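*Asks:* With the numbering used here, letter number 2 in the sequence shown gets 5, and the count goes up by one each step, no holes.
By construction, these hints were calculated from the structure, which means they are not laboratory data. As the structure is a prediction and not an experimental result, all values here were calculated from the model. Where a beta carbon is used, it is the ideal one built from N, C-alpha and C, also for glycine. Do not rely on the hints blindly, as some may be mistaken.
Unchecked claim - Restricting the straight-line Cα-Cα distance to at most 20 Å, the calculated cross-link-like pairs of lysine to any residue (SDA-like) are:
(1) K30 with V89
(2) K130 with R156
(3) K138 with S157
(4) K164 with D68
(5) K27 with G37
(6) K138 with L126
(7) K138 with K164
(8) K130 with R168
(9) K130 with K148
(10) K100 with D110
(11) K130 with K164
(12) K104 with W66
(13) K33 with W66
(14) K164 with E118
(15) K141 with L123
(16) K104 with K27
(17) K104 with Q133
(18) K138 with E118
(19) K141 with E174
(20) K148 with Q161
What the hints assert, rightly or not - Derived CB-CB ranges, DEER-like:
(21) K23 with D56: 35 to 41 Å
(22) Q61 with R168: 44 to 50 Å
(23) L41 with E137: 22 to 28 Å
(24) S114 with D135: 22 to 28 Å
(25) D68 with Q107: 36 to 42 Å
(26) V57 with S114: 40 to 46 Å
(27) L41 with S157: 51 to 57 Å
(28) A150 with L91: 42 to 48 Å
(29) A154 with P117: 40 to 46 Å
(30) K33 with K130: 42 to 48 Å
(31) P117 with E137: 23 to 29 Å
(32) N160 with A45: 43 to 49 Å
(33) A45 with L172: 41 to 47 Å
(34) D135 with D63: 28 to 34 Å
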Amino acid sequence: EALREAELALAVSPESPEAKKSVKGLKERKARAGCLLLEIVAATRAARFEEADVKLPQTDDLWPDLDGLAEARDNLARCRGEFPRVMLAAGQAQTEKDLAKAQQAADTAVSFCPESEEALALLKSIKSAQSDAEKHLKKARAACKTADFEAARSELNQAQKIWPRVPGLGEA
């Protein structure tokens, strides 16, 4: 609104130094607010909520009706509420060796904050454990085919230690 009025004043008086200065100042202010908005979005995507909290009022002060600011504010509030909850659920499920539930929760955490190093590392850890369990299960199946039942039992035990409900365990 203020920028539009200043631009209108400049259109009416194109040689007015005050109008030129006003338009230039408002454009710079809006550009700074736009940069801060990008930083808020990036901080939210990385689960750096405190950083976003600091930049939000700065952006409000510069340009309160900036396009995307209300959406960024709502997204920050939603992520700040949901991300810790799903990260806790993922960690608890991983501790309980319920890796399917852990992956589902970690996937949800990554959907909220796709650039969170913590969420990505947790998801990677869960997927690695799942992969290890599946490898042991595959080795158990191979050992059964060669009638090496001791090796099969050992591999099944290893798979179960990692992921007690590894899919396909009953078929091995």
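*Asks:* Now look at each hint and say whether the structure bears it out.
*Replies:* Here's how the hints hold up against the structure:
1. The hinted pair formed by K30 and V89 fails the criterion: a straight-line CA distance of about 40 Å is larger than 20 Å.
2. Proposed proximity of K130 and R156 is contradicted: the alpha carbons are some 23 Å apart, above 20 Å.
3. For the proposed pair K138 and S157, the alpha carbon gap of about 13 Å is at most 20 Å, so the pair holds.
4. Distance check on the hinted pair: K164 and D68 sit about 55 Å apart at the alpha-carbon level, beyond 20 Å; violated.
5. At most 20 Å may separate the alpha-carbon atoms for a hinted pair to count; K27 and G37 meet this at roughly 15 Å.
6. Under the criterion of a C-alpha separation no larger than 20 Å, the hint pairing K138 with L126 is consistent with the structure, at around 18 Å.
7. Distance restraint check for K138 and K164: the Cα-Cα separation of roughly 13 Å lies within the 20 Å cut-off, and the hinted pair is therefore satisfied.
8. Between K130 and R168 the alpha-carbon distance is near 14 Å, which keeps this suggested pair within the 20 Å criterion.
9. Using a Cα cut-off of 20 Å, the hinted pair K130 and K148 is violated, with the two alpha carbons roughly 27 Å apart.
10. Taking the CA atoms of K100 and D110, the gap is near 16 Å; set against the 20 Å cutoff, the hint holds.
11. About 15 Å separates the Cα atoms of K130 and K164, which keeps this hinted pair within 20 Å; it holds.
12. For the proposed pair K104 and W66, the alpha carbon gap of about 43 Å is over 20 Å, so the pair is violated.
13. Of the pairs offered as hints, the one joining K33 and W66 holds, with about 6 Å between alpha carbons and a cut-off of 20 Å not exceeded.
14. Distance check on the hinted pair: K164 and E118 sit about 31 Å apart at the alpha-carbon level, beyond 20 Å; violated.
15. Taking the CA atoms of K141 and L123, the gap is near 26 Å; set against the 20 Å cutoff, the hint is violated.
16. The hinted pair formed by K104 and K27 fails the criterion: a straight-line CA distance of about 54 Å is larger than 20 Å.
17. Proposed proximity of K104 and Q133 is supported: the alpha carbons are some 12 Å apart, at most 20 Å.
18. Taking the CA atoms of K138 and E118, the gap is about 29 Å. The hint is violated against a cut of 20 Å.
19. Under the criterion of a C-alpha separation no larger than 20 Å, the hint pairing K141 with E174 is consistent with the structure, at around 11 Å.
20. The hinted pair formed by K148 and Q161 meets the criterion: a straight-line CA distance of about 18 Å does not exceed 20 Å.
21. Take K23 and D56: their Cβ atoms lie about 36 Å apart, and the range 35 to 41 Å holds.
22. Checked against the hint of 44 to 50 Å, the pair Q61 and R168 passes, with Cβ atoms roughly 49 Å apart.
23. One distance hint, 22 to 28 Å for the beta-carbon pair L41 and E137, is violated here, with the actual separation near 40 Å.
24. For the hinted restraint 22 to 28 Å between S114 and D135, the CB-CB distance of approximately 25 Å keeps it satisfied.
25. Between D68 and Q107 the C-beta distance comes to about 39 Å, which sits within the given range of 36 to 42 Å.
26. Distance hint for V57 and S114: a CB-CB separation of about 25 Å, inconsistent with the stated range 40 to 46 Å.
27. For the hinted restraint 51 to 57 Å between L41 and S157, the CB-CB distance of approximately 54 Å keeps it satisfied.
28. Judged by the Cβ atoms, the range 42 to 48 Å given for A150 and L91 holds: they are separated by roughly 46 Å.
29. Evaluation of the 40 to 46 Å hint for A154 and P117 yields a pass: the beta carbon distance comes to about 41 Å.
30. Range check, K33 to K130: about 43 Å between beta-carbon atoms, so the 42 to 48 Å window is met.
31. Take P117 and E137: their Cβ atoms lie about 25 Å apart, and the range 23 to 29 Å holds.
32. The hinted window of 43 to 49 Å between N160 and A45 holds, with their beta carbons roughly 45 Å apart.
33. Between A45 and L172 the Cβ separation comes to about 42 Å, which falls inside the hinted range of 41 to 47 Å.
34. Restraint check, D135 to D63: a C-beta distance of roughly 48 Å breaks the suggested window 28 to 34 Å.
Figure legend: structure checked against the earlier numbered hints; hints not met, in rising order: 1, 2, 4, 9, 12, 14, 15, 16, 18, 23, 26 and 34.
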